[in-house]
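With chain Y fixed as given, assemble chain R onto it according to the hints.
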Amino acid sequence: AQSVAQPEDQVNVAEGNPLTVKCTYSVSGNPYLFWYVQYPNRGLQFLLKYITGDNLVKGSYGFEAEFNKSQTSFHLKKPSALVSDSALYFCAVRDNSGTYKYIFGTGTRLKVLA
Amino acid sequence: GAGVSQSPSNKVTEKGKDVELRCDPISGHTALYWYRQSLGQGLEFLIYFQGNSAPDKSGLPSDRFSAERTGGSVSTLTIQRTQQEDSAVYLCASSTRSGGPDTQYFGPGTRLTVL
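Residue numbers (this note's numbering), protein chains in the order written: chain Y, 1 to 114; chain R, 1 to 115.
Using 30 angstroms as the maximum straight-line C-alpha spacing, the simulated DSSO-like pairs for lysine-lysine come out as follows:
1. Lys101/Y to Lys69/Y
2. Lys57/R to Lys101/Y
3. Lys22/Y to Lys77/Y
4. Lys77/Y to Lys101/Y
5. Lys49/Y to Lys57/R
6. Lys22/Y to Lys58/Y
7. Lys58/Y to Lys69/Y
8. Lys101/Y to Lys11/R
Hints in this document: simulated from the structure, not taken from any laboratory.
Only chain Y is shown next, with the shape it has when bound in the complex (with noise of 0.2 angstroms):
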């Protein structure tokens, strides 16, 4: 079955530090990998994917993932974290098998300390 697993719920990182939230996955085939993050109160936004190609991606807000197929990781980091990073980060997952759905984790809220 697909899944995506998000392992941390909750993330702090001190400004200006590099952060990592972890995504790995589980899918048939190729899969297509995104970051999606949530800011209080508003909706999902698009922050990067990786469909083919270079294993890194790089995304808005100068966030970055590496897309790691031995390891079926796609982890989302920023070398230098700000503040108004803090928010809830998601990991979506497509299969590129037909199906048209899209697997999300958890999340992880980040929280980036001043």
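Relative to the frame of chain Y, chain R by itself:
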């Protein structure tokens, strides 16, 4: 341009009543998704529409839930005989097409509270 809009933003209802939630997708987007976000849970897929094709209803949790999309645009999610466990935020998203891994654009959601 205008994004995905949803109405109402908040809905409080009594157990056993029916509710209708509305989604207006981005103009020209042919794919439309409904999700449910419960506290501490991820986004739970409910239903997917693509153009005039039959919708994928495999995520609807019970026969109390139904959805329709009129004219390939506006969609309505209906929950009949609401239960307290239906309390959640219901999110709608649209994208330009299916077949490819398109970015989904989400609405602000409707927060449903069943008393």
